[in-house]
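Enquirer: Spelled out from the first residue to the last, the chains are:
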Amino acid sequence: MNRATLVFILKRVAQLVPQLLAISAAVFVLIRLLPGDPARALLGPHATARGVASLSAQMGLNRPIPEQYWIYVKGILHGDLGHSWFTGQSVTTDLAQRAPATLELITYAFLVAIVVGACIGAVSASRGDRGVIARGITWYTRLAGAFPDFWMGLLAIYVFFYRLRIAPAPLGRLGITAIPPKTITGFYTVDSLLTGNFTTFLDAAAHLAVPVLVLGLIVAPMIARVTSAAMSEVLSSDHIRYARAAGLGRALVSRYAVRNALPPVVTIGGVLFVYLLGGAVLIEKVFSWGGIGQYAVQAVGNSDFAAIQGFVLLAATFTVLVYLLVDLIHLAIDPRVAY
Amino acid sequence: MSANILLEAPLPPQAVKRRVVAYLGFGLLLVVVVLAFLGPLFATHDPTQANALEALQPPGARHWLGTNSYGGDIFSRVVSAARLDLFIGFASVASAFVIAAPLGTAVGYSRAWWASVTMRAMDFIQSFPVFILAMAIVSVRGPGTFNVILVIALLNVPIFVRLIRAEVLSLRERAFVDAARAVGNSGFRLVTRHIMPNALGPSIAQASANIGWALLLTAGLSFVGAGIRPPTPEWGTMIAEGAQNMITGEWWISLFPGLALGTAVLGFALAGDALRALLDVRARTV
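From first to last, the protein sequence lines stand for chains S and R. For the first sequence, counting from 1, position 204 maps to 203 in numbering that gives the first Met the number 0; every step adds exactly one. For the second sequence, counting from 1, position 256 maps to 255 in numbering that gives the first Met the number 0; every step adds exactly one.
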């Protein structure tokens, strides 16, 4: 690793600090300063003025705004996101318990989207702009973008669970009789294999299949479009034409092409991974997944502000980290970005 | 707009196919808009009426698209929902447009420090996962039509600001702007009369697609209980009403509102594509 690369990485990582500060401030503003009184919202329309005032005092809402912000940031730095009024636990504990479920779901969905999307995109790029395949992709993209993902999840439940009876009931990550594996990574599929519990593995995989396919296949066209555009551009570039003219084999030329088409695909991959977290909120509700998405939906239903705030904070931090990762992968693919 | 002349011009074979898609888009839109205005006239039942005796009826002669768990007529609810959903879509995108048109123009024209600060603020809004941000804001402010419109407008502003700014950045350097400046137009007049009207084209095409997007967001918010509350007919709320019934095989409760929603979104997206092609002087192919 040379100096410029190191400086680039350090600079990029250092950017995290102001980014995270800005996020914490924005989430604070969002929850505390928007018109509307959390205490009143929590107590409902029939609350007395006195009840609202007393709850406000309890929540610290009557202190000066800068002081509230200071207390809040101090809390975050200590890993304290407040208490959920609904589960009675600390929000940090709640989120930590549920995050692996969501991460497992969106990771597999991401893999499906990448594999399917990249294959379709590459085929489309090699066949040109006007074929049946190109038009098929256009319509696939349009339809996948037009119909709501949670609705497709419901249809999938009807077809695969109720009609065909090949999918398990959409009630979480495991069947009632299955025993959750010992937590190592938090991914049931991985942990069950590591502990040699093959029955649980099959059960976890079966529960994952439908939500993962729904999420993955809905976002796959985004990858396909970018891959196709990037591949077409690279394939018609001078250096690939030169490589062909020089008589290099097809496999080698393809390898050059893929490597040069990667950066935009990595970027859209990052955007997609973040997007999947938002999509997971709805899909988790449909499949009673028990991840942080469903937790957030419950929090919304119960006006559980500490939980909502914690979830938004986590989601935004996740976003920032994914984008950092994207930049570092860019660096690995194309070292020129450091200069 | 010279749309008719363009549509009547002879077209190459590929363009004919695109024209069909454009007609399909506008056709779907027409259906949805007619429903929004006249929907309640088509309703065969009162859309908010509960009728326990006729709960969970499959589609048939009496209830064309069946009934939900409390006996509400799905067909009447689907056609009645178009008005509210379209209102939310139009109102949120129009509000965003009204805010973004002057803001985007100013940010594109000005080279002052606040222009880049504004753009960083837009970046920041867009860096949050969209649905999560919307859900959080509505949950703090409470569900309801007005709050849904407000949130969706907020999420749309950066998209339009970015588009308009990009146009203004290129218009600013054009000869006709220099000419207008040379003959003595004031800066304000230059921006409002010469630059802004020319910068709005791409955003108008984008607005159509964004109304579709707004419909999807509204439905998603309603689905998690942060949007429109039942029994008000709204497509997302209606999909939520039937969610539990999918497991027990009553598919019609969620299926039809989802189909209506998806069709409307598709219509807006196709119409947006067609508008983009029409408004783009460099590539008029529709």
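Derived from the structure by calculation, the hints contain no laboratory data. Check the hints yourself; a few may be wrong.
If we take Cβ atoms under 7 angstroms as the criterion, some of the chain R residues that face chain S in the derived model are [as the list claims (entries may be wrong)]: (1) Val-97; (2) Pro-101; (3) Leu-215; (4) Met-245; (5) Ser-253.
Cβ coordinates follow ideal geometry from the N, Cα and C atoms, glycine included.
Enquirer: For which of the previously enumerated hints does the structure constitute a violation, in increasing order of number?
Expert: 1, 2
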